[in-house]
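J.: Sequence:
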Amino acid sequence: MLDRIVSTCMDGRTVRINVMQPLTVNFVTDDQLSAEERSSAVMSSGVTAAVPKVNVRRLSPKPLSCKNFDIPKAYIKYRVRLNEEMDSILEYDVDEEDMEWLSLISKKLEKAGEERLSVHSFEIAMDRLEKESDGNYKCLVDQDAVCCVCNDGEGSNINQIIFCDMCNIAVHQDCYGVPYVPEGQWLCRRCQMSPSKPVSCVLCPSSHGAFKQTVDSRWAHVVCALWLNEVTITINL
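All residue numbers for the sequence shown refer to the UniProt record's numbering, where the first residue is 1 and numbers rise by one.
None of these hints come from the bench; they were simulated from the model. Among the clues, some could well be false.
[Said to hold, decoys possible] Taking lysine to aspartate or glutamate pairs in the DMTMM-like style, the calculated list, with each CA pair at most 25 Å apart, reads: (1) K108 to E123; (2) K197 to E85; (3) K108 to E96; (4) K212 to E91; (5) K212 to E183; (6) K212 to D174; (7) K131 to E91; (8) K131 to E183; (9) K212 to E154; (10) K212 to E230; (11) K197 to E130; (12) K111 to E96.
[Stated by the list, open to error] For each label pair, taking beta carbons as the anchor points, the in silico distance ranges come out as: (13) D70 to N229: 37 to 45 Å; (14) R57 to I17: 52 to 60 Å; (15) N157 to Q185: 19 to 27 Å; (16) D216 to E114: 47 to 55 Å; (17) K197 to R128: 13 to 21 Å; (18) T234 to R128: 33 to 41 Å; (19) L82 to V215: 23 to 31 Å; (20) L109 to V199: 33 to 41 Å; (21) W227 to R128: 38 to 46 Å; (22) E230 to L104: 48 to 56 Å; (23) R57 to E230: 53 to 61 Å.
Ideal placement from N, C-alpha and C gives every residue a C-beta, glycine not left out.
Construct all of the structure, not just a fragment, from the sequences and the given hints.
T.: What follows is the structure, encoded as structure tokens:
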């Protein structure tokens, strides 16, 4: 029987092996090798990773047209609009439920031989309805009501208990920061800034009481700000 000899390289030296001779094969995984042995195995295999080529091209220089940016005053200054100004602004926006109702009522009007109700007319009617109902809504004043901030029912000529004409909360002038009793309608800060959208306190889970707006446009109870040492109140309440 002829011997078949093959030559191979092991540990940097040439070894001749007879292929007809039975050999014991040991399978060794990478986990069983040390870091140096794994590194040597990778280097001896001759496998290299292809490095991607970088393409660089020079762009033609173009002058950049830049203008000085001036921050508009509307973004950094807020002015409370008067009731007369709010009356001229259409704030109501129809939603999907309104559109479904308009579709149904328009079909009934067409069958009756009358003109369809337009979206714009509906928005005007709803806007006036909400503003008129909010403006004319008067709550009964409880003469025995106590201040929502200090929980005291006593008042004086210079520190009276006043009531919000919309939510009917009772607060002292000094507790809520009202220097003088306004003539006519008076609204608390929450009803003035967010009359239709409910607000929540960032310091407690309660949604009732006397609210003030924070510097980051969130809401907090005046009593929560007074009792928490980590919270401060500015002079302009």
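J.: Against the structure shown, which of the earlier numbered hints fail to hold, in ascending order?
T.: none
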